[in-house]
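Taken in order, these protein sequences are the chains called A and B. Sequential numbering of the first sequence, starting at 0, is according to numbering that gives the first Met the number 0. Sequential numbering of the second sequence, starting at 0, is according to numbering that gives the first Met the number 0.
If you are wondering where the hints come from, they were derived from the structure by calculation, not from laboratory data. Don't be surprised by glycine CBs; every beta carbon is placed ideally from N, CA and C. One or more of the hints may lead you astray.
Said to hold, decoys possible - Simulated restraints on C-beta separations:
# : chain 1 : residue 1 : chain 2 : residue 2 : range
1 : B       : I15       : A       : A32       : 53 to 61 Å
2 : A       : T308      : B       : A441      : 28 to 36 Å
3 : A       : S249      : B       : T361      : 22 to 30 Å
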Amino acid sequence: MGWPRIALVASPDASAAVLYEFNVDLTRDVAHAGFDLGAPQWSGEPGQSGGMDGYRTIRFTHWLDNPAALSALPTLGPLLTSASGWLLIQLRDGAAPRWARVWRSSPGVMSWDRLMMSDAMTVFGRHGVDIALTADPYLVGEQLTLANAVTVNNDPASGTNPCRLVLGAVVGDAPAPAIVTVTPASPASAFTYYQWLASVHSGPTQRTPVVWQIGTGDGFTAGTDTGGGVADSTYSGGSYRSVSFSTVSSQAERLSGSTPAALVPGLYKVLIRVARSDTSSKFSLAFGISDTVTFKTIYGATKYMDRATTTSVGFATWVDLGDFQWPVGVEIADAALLTNTAPSISLLGSRTSGTGAIRLDCLMLIPLETVDTLDATTLVDSFTGGAPTTVTWDGETERVWGAGASNTAALMFQSVRGGFPEVAPGTSVLTLLRQVDSGSVTNTIDNPDSIVSTTSVTVKYRPRWLWPAA
Amino acid sequence: MMSSVCPLAVTLITDIRRQSVTPAVQSLSFRKTAPGGHADATVNLAIDRDRWPDLGDNDRLAMSDRRTAAPVWDGYTSMPGTSDQRERGQSFDLSAKGGVDRLLDDRRALNYIDQEGTNWTRPPIPPSRIAAWQQRPTTTAIGILDGFGVGQAIATNDWAGMDYDFAGTDMEFGAIGASLVCGTTDTAYQVFVVWSGGSGGPGSVGGATASTSAVAQNGYVNDGTFPDLTDFRFALYRVGPATNITSDDKWAHFSGIKMLGRRRDKFGTLLSGSSGMVRNTYVLASEVVADLIGRMLPWVDPNTATITATTGQIDQLAYRDAVSASQVLDDLTLWEPDMLHEVLHVGASGKHVFNYRHWPTTERYVISTRDGWTRSGSDQGLCNRLIVSYTDPDGTSKTYTATASVPELDNVGRIRHATGIALPAGKGSAANAVAVGAAVLADINTAVASARLVVRRPVLDLLTGRMVQPWEIESGYLVRVREPGDVLRCTQVDFSWARGSAAEAVLTLGKPVLTLAQRIQRLQALA
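Construct the complete structure from the given sequences, taking the supplied hints into account.
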């Protein structure tokens, strides 16, 4: 085997079977002249949305001695005509191997210009076979584990991994799909009729979600029919505020005021954790954010919490209030002009049916795009039955897999909305919530979102590279 | 975010599975309209059709934003075809229609408010009795006349009446309003309301002595007097002893009749009494929309449906032939041209989000023209005369010539007529002709505002306060086009993306000219 190692293999793993070795010895090798790994072709004009990386073309000439190595061609032929495959590229012994996913493309020509015939009518010489492979834009590296069975706590006020997991250093030249496996500690009810939210945001520096507690000492101003903090250990931060709707049940401001800390400018997904005081009331909420420059409060759409009647009181859930950019219209490039200040918020609420009160527990802001986060992907997965103990969101194939107690995996069929998890070079943070907008009106199973629940999370990914490893 | 796949996440939901197909998307496009909502979409998928034997008609196609998981477009598939390109492998085009299409699904005969006499019928009574509509016994208004003609011999409990039947429509009696006056004041005659077809069986209420003083007749379903019923009869009864009619004043005249069907609220609950039906003189477009949702749109989520209260008074809205919700919503624009309906994505309940709201008056998007902008001119020349023809209430045909001052024509002494218009039947009057003529001429002489704007990069959304991608632009809002300064309604968004090209949204902007019928309705509402 010669170096660099160029080979067609069965799968992108170091232990995979080698299907065809291109660079073996002097009788069978790869010419350095004209060797081209290509590069992803970008489409779309500068500044436009939705541009994408096109395929790369890998070209080289594979030389085979006639007759010593030519007999290997029947092995190569079927590989070049198969739908897809993996090309291993390893520059030297000790360098990390990388693989290109190659696709069926036109086979190249075989050169005949170095053939000769001996006096004894023996044909000998060398053939060059031009190889031109269409490959995925990026090379993939070996699968790496970013987190291995780490416990994530379901309480945003927890001291360790509060509804989120910092994934540490992600390597690569481009964002890569992630494979996230979650195993809740109480599996029997953790998936039936729950709606999970898994959001990953990445960037050069770590930025974790912002949590603003609502309850005793929160610093907010109570609105119409909103009481003070009520102590209760089953709520995050140990307390909540109750809105009774006793005088006004139509939409009115229930909470307002300046937030506890300055907010880094950017785009955030805002969620609120709420519960109800009875078993059947339904509510609607709308969130608004404002700054001292425009004095204008931007409200999001009204969100409804219309859970079916349950047998147990409480029913805590997160409600996705929408995505908000703060301050208005700011783009990443403008952020350098801005200093971080604390915005003011306004929470509108109404009771659409029933006589109960809504309990406001805390607000969480997940960064989707700030000055230190690149992009984010958010996946919402709605489970309507089935009882896996483990669920895997596989970003590589965009499949959802479930495994039972005996660990047999099955493809799960439920509604997913949004992008599968991806990690980008730098630091990534995974935010995990298990009960978001759970409002299937046909479901009457009680599945409270308990702040003492925990989930074991494993995250793996294959880095994406432009070039082979040194 | 990974840039080697489609910027939108695409999921297919069939009877047996729900699966992301984002990596296989080669191209996609969708359309949103206002009014309307999510209209149609096409996706080209590079997957083996044979691997999806369960994919067929009426499966669900859902598109969402990968960054925020927000829904972008939801709809139902049509039978997919297949294209086979051997060099590049098999791919097929999947087309889908959004929730807007479901407004055409169901058809019902709907009777919201009816003041026309054509739906009143003569019941089985002897031919000598008087029971007819469009009668005007005195100088009072046109209405139904029930009575006994001179020379008839009548016995106790003989009666003459006219029926209004809801059977055959999807509604039952909701409310009635009318004014009653009789030819004579005579205790031997009483006015009755007789009904049948309800859960309580036939019944009646009477006892109002015939009187020459006008008496209002008001009633609501389940108000303590009227139960639920489908057949309603106004009748004049002889309660005194048998007699011969000798004077031509033994009649009861019901005028200004407004018959209302029983509406439902958006949850489907039938409304009762004057508190439920609210009034018996007109209905509001917002009340009709709520009824449509509760009655024939079970796939719309009533919990999240937002219906803005309207003010236009609708005094005639009855469909004896079955009609779709789409048709009713279109007709409501006659009274409320500045309202729009939209059927949006499927929510957590599995049902569509539905809104009935105003066209906003402040702009939502601020967009530059740098990616493409076309504004059409007007192909209708200037005119300074318009002939309006109409039939006045007495039945005489008349015309009126409207005049407008147009300097370009007037300065050179040119008189130019636009194509004449005719006021619809029942709306003819001199006042209407003057007002409508002036308004139509003014429209003809103003360039129609319609334009096309291409968006390929993030734009500012003032409603949410953030930059949004081309696929997040919603129809049904106002757009300020930065360079020319126009503020126009966005009536349609056509988004498309394909491998190898940028994502692009083409916005159709403009403010449609009011139709003749809308213009007249508006004038009457203001009068």
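Structure-based check of each hint:
1. In this structure, I15 of chain B and A32 of chain A meet the distance hint of 53 to 61 Å, their C-beta atoms being roughly 54 Å apart.
2. With their beta carbons about 57 Å apart, T308 of chain A and A441 of chain B fall outside the hinted range of 28 to 36 Å.
3. At about 23 Å, the beta-carbon gap between S249 of chain A and T361 of chain B stays in the expected band of 22 to 30 Å.
The earlier numbered hint that this structure contradicts is number 2, and it is the only one.
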